[in-house]
Amino acid sequence: MEQSTSELCSGISSYAMLEKVLEQIPYAKLLGVQVREQDEQPLFYLPYAEKNIGNILLPAIHGGVIGGFLENAAVLHLMWARESAGIPRIVDFSIDYLRSARALDLYGRCDIVRQGKRVANVLMTAWQDDPAKPVAMARAHFLLA
Amino acid sequence: MNSLWLPVANPDFFAQVGPWFMALPHCKKLGLELVAAEKGKVTIKLPFKPELIGNPETRVLHGGVVTSLIDTSSGVALYTLLHVPEAAATLDLRIDYLRPAKPDLPLYCTAECYRLTDSIAFTRATAYQDDPAKPVAHSVATFARTSPTDKSEA
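Protein sequences, first through last, are from chains Y and V. The letter at position 84 of the first sequence is residue 84 when you use our numbering, and the numbering goes up by one with no holes. The letter at position 107 of the second sequence is residue 107 when you use our numbering, and the numbering goes up by one with no holes.
No lab work stands behind these hints, which were simulated from the structure alone. This one's a predicted model, so the numbers in the text were calculated from it and none came from an experiment. Warning: the hint list may mix true and false statements.
What the hints assert, rightly or not - Using 20 angstroms as the maximum straight-line C-alpha spacing, the simulated PhoX-like pairs for lysine-lysine come out as follows:
id: 1; chain 1: Y; residue 1: Lys133; chain 2: Y; residue 2: Lys117
id: 2; chain 1: V; residue 1: Lys28; chain 2: V; residue 2: Lys45
id: 3; chain 1: V; residue 1: Lys49; chain 2: Y; residue 2: Lys51
id: 4; chain 1: V; residue 1: Lys28; chain 2: V; residue 2: Lys49
id: 5; chain 1: Y; residue 1: Lys29; chain 2: V; residue 2: Lys28
id: 6; chain 1: V; residue 1: Lys102; chain 2: V; residue 2: Lys39
id: 7; chain 1: V; residue 1: Lys134; chain 2: V; residue 2: Lys39
id: 8; chain 1: V; residue 1: Lys45; chain 2: Y; residue 2: Lys51
id: 9; chain 1: V; residue 1: Lys134; chain 2: V; residue 2: Lys102
id: 10; chain 1: V; residue 1: Lys45; chain 2: V; residue 2: Lys102
id: 11; chain 1: Y; residue 1: Lys29; chain 2: V; residue 2: Lys49
id: 12; chain 1: V; residue 1: Lys28; chain 2: Y; residue 2: Lys51
Claimed, not checked - Cβ pair distances, simulated, as ranges:
id: 13; chain 1: Y; residue 1: Asp105; chain 2: V; residue 2: Lys49; range: 22 to 32 angstroms
id: 14; chain 1: Y; residue 1: Leu57; chain 2: V; residue 2: Asp104; range: 30 to 40 angstroms
id: 15; chain 1: V; residue 1: Val84; chain 2: Y; residue 2: Arg118; range: 44 to 54 angstroms
id: 16; chain 1: Y; residue 1: Lys20; chain 2: V; residue 2: Thr58; range: 17 to 27 angstroms
id: 17; chain 1: Y; residue 1: Ala16; chain 2: V; residue 2: Ser119; range: 44 to 54 angstroms
id: 18; chain 1: V; residue 1: Glu51; chain 2: Y; residue 2: Ser13; range: 53 to 63 angstroms
id: 19; chain 1: Y; residue 1: Pro131; chain 2: V; residue 2: Tyr114; range: 34 to 44 angstroms
id: 20; chain 1: V; residue 1: Thr58; chain 2: Y; residue 2: Arg118; range: 31 to 41 angstroms
id: 21; chain 1: Y; residue 1: Tyr48; chain 2: V; residue 2: Thr58; range: 30 to 40 angstroms
id: 22; chain 1: Y; residue 1: Ser13; chain 2: V; residue 2: Asp104; range: 32 to 42 angstroms
id: 23; chain 1: Y; residue 1: Asp111; chain 2: V; residue 2: Tyr114; range: 30 to 40 angstroms
Stated by the list, open to error - Beyond 10 angstroms from chain Y on every Cβ pair, some chain V residues (computed):
id: 24; residue: Pro47
id: 25; residue: Lys102
id: 26; residue: Lys134
Cβ atoms here follow ideal geometry from the backbone N, Cα and C, with glycine treated the same way.
Chain V with its partners taken away, still in its complex shape (with noise of 0.2 angstroms):
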């Protein structure tokens, strides 16, 4: 992933819509907080919690966690390079499992809109635990700009 840091595109709408994004009523559920932001990139942590568990013999997160979280993550990496607000869609999204998530320590993933277009957004992410070496799972997925204003790329 590209490394060299600048901030969001609007710091002003973006301390906005991250929160209101991790507000939303599964967002909160899961627990998901925002940790990092900058121009093209967040990370979100997943704390763990019991009822997340997707298999009771090994604890392991369940998949539809892990896809909740890289859905949500690759959202909100589109909103650190708009403006202004508007709607977006998830188009699809394709994750690999590389390994189980261990219990009992927090997921994080760290996602990345790396094109942006006037209709569409790239975006690939990675889930990981306490090595971001031996990643989780690694996601592409595509949005939609529904109602595209804002005419910035990346």
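One chain only, chain Y, in its complex shape (with noise of 0.2 angstroms):
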């Protein structure tokens, strides 16, 4: 515990630390979110599980699932683009459901709007097959640490 919490502390330069990272975020785990570099950028993504089911009639992700999944990228996000240290807090977060996440494996990628000293704005995408079809947008501000 003692090393990885410092590991954290000491901030994020490359994909293998943020894999690393996720490994000690227990909530990430649970949901089982994984990360990969597509296109000079962090791409993370859920692999399907029923544990994360929402809806069993169509069936469908949890709306939770899909928020979570993406305030956990934003605040990964955060912390590698910045390569510096600390968790950064989430000030807001505001999702818009677009359409109804299939059981199949979800995409996310962030984008920093605006970062400031203290705060940052991060938009999030999330989609499935079809990354023109996307199943929800957020935005949220961050304090950074």
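Reassemble the complex: the two chains are provided individually, in unrelated frames, and hints are given to aid placement.
If you want it as structure tokens, here you go:
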């Protein structure tokens, strides 16, 4: 725990480290979040798992899972982009659900819209088989550590 | 929030739909428990579990867990107003994180559906721990009623 904590504090400078940090976040592990590089940016993905279902009739992934997945992606994206210490603290989060997320893998990527000294504004997009048909878009403000 | 008590619109229907929501795979994974329901309002409990932590240094709950609790509670609140089953989809959800959720304590969410039209449900929710006057998060959301057969209004 001591070592993992200091790793988290020392910031993220590679994709391997991003993976390591993901492993240290219990809730990210619970969902099953993974990350890889695509177009010189982190691409987050969530392999389909029955435990993430929120509607058994459709079936569809729980809206809270999509929100949590994107929120987590934004935190890690900020840590990766800043290569600096500390976990950003979320201030607010706003998500639009555009279509239901089916029982498939989920992908997510983030864009930092504005980063000031203390606050960052991040835009997040989640999709499944077609990036042109996002299942959700979200934006959030973070207090930078 | 409006605090005058009324029973749910259809107690027999809600007695089925409430537990049905809590038994959904992700709700079960989180350990959600329905603790109170009345017309237009529900309270759901999220017991603390180490696997829900978002920051291993401080052990505070992950914001995503709060999102799941609020999304579920807000959705269930709408069903306290319905007489028959129908589908509803979250359109948008906005959450203000007012303070971190302390570790080792349950998190409660009281959600209210304060306006129900033929096609849309409007909800607001508060998540709190040991002191409702010091909420962890505030939220507003809208839901689309996808097969509105129930014309009841609120």
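Each hint, compared with the structure:
Only pairs whose Cα atoms come within 20 angstroms are accepted, and Y/Lys133 paired with Y/Lys117 is rejected, the gap being roughly 34 angstroms. A hinted pair counts as satisfied when its Cα atoms are at most 20 angstroms apart, and V/Lys28 with V/Lys45 qualifies at roughly 12 angstroms. As the CA atoms of V/Lys49 and Y/Lys51 are separated by approximately 16 angstroms, the hinted pair is consistent with the 20 angstroms bound. The hinted pair formed by V/Lys28 and V/Lys49 meets the criterion: a straight-line CA distance of about 13 angstroms does not exceed 20 angstroms.
A hinted pair counts as satisfied when its Cα atoms are at most 20 angstroms apart, and Y/Lys29 with V/Lys28 qualifies at roughly 16 angstroms. Simply put, V/Lys102 and V/Lys39 have alpha-carbon atoms about 30 angstroms apart, too far for the 20 angstroms limit, and the pair is violated. Restraint check for V/Lys134 and V/Lys39: not satisfied, since their Cα atoms lie roughly 25 angstroms apart, outside the 20 angstroms limit. As the CA atoms of V/Lys45 and Y/Lys51 are separated by approximately 19 angstroms, the hinted pair is consistent with the 20 angstroms bound.
Among the hinted pairs, V/Lys134 with V/Lys102 is consistent with the structure: their alpha-carbon atoms are about 12 angstroms apart, no more than 20 angstroms. Note on V/Lys45 and V/Lys102: the hinted pairing holds, with a Cα-Cα distance of about 14 angstroms set against a maximum of 20 angstroms. Taking the CA atoms of Y/Lys29 and V/Lys49, the gap is about 13 angstroms. The hint holds against a cut of 20 angstroms. The straight-line distance between the Cα atoms of V/Lys28 and Y/Lys51 is roughly 8 angstroms, inside the 20 angstroms bound, and the hint therefore holds.
About 25 angstroms separates the C-beta atoms of Y/Asp105 and V/Lys49, a value consistent with the hinted range of 22 to 32 angstroms. Y/Leu57 and V/Asp104 have their C-beta atoms about 36 angstroms apart, which keeps the hinted 30 to 40 angstroms range intact. Distance hint check for V/Val84 and Y/Arg118: the Cβ-Cβ separation is about 50 angstroms, which falls inside the suggested range of 44 to 54 angstroms. Checked against the hint of 17 to 27 angstroms, the C-beta distance between Y/Lys20 and V/Thr58 comes to roughly 19 angstroms, which is consistent with it.
In this structure, Y/Ala16 and V/Ser119 meet the distance hint of 44 to 54 angstroms, their C-beta atoms being roughly 48 angstroms apart. Range check, V/Glu51 to Y/Ser13: Cβ separation about 28 angstroms, and the 53 to 63 angstroms hint is violated. A hinted range of 34 to 44 angstroms for the beta carbons of Y/Pro131 and V/Tyr114 is consistent with their spacing of about 36 angstroms. The hint said 31 to 41 angstroms for the Cβ distance between V/Thr58 and Y/Arg118, and at roughly 19 angstroms that hint is violated.
The given range of 30 to 40 angstroms is respected by Y/Tyr48 and V/Thr58, whose C-beta atoms sit roughly 31 angstroms from each other. At about 33 angstroms, the beta-carbon gap between Y/Ser13 and V/Asp104 stays in the expected band of 32 to 42 angstroms. Between Y/Asp111 and V/Tyr114 the CB atoms are about 34 angstroms apart, so this pair conforms to the stated range of 30 to 40 angstroms. Taking the minimum C-beta to C-beta distance to chain Y, about 14 angstroms, the non-interface status of V/Pro47 holds against the 10 angstroms cut.
No Cβ of chain Y comes within 10 angstroms of the Cβ of V/Lys102; the nearest lies about 15 angstroms off, and the non-interface call holds. Interface exclusion of V/Lys134 from chain Y stands, the closest Cβ pair being 17 angstroms apart, more than 10 angstroms.
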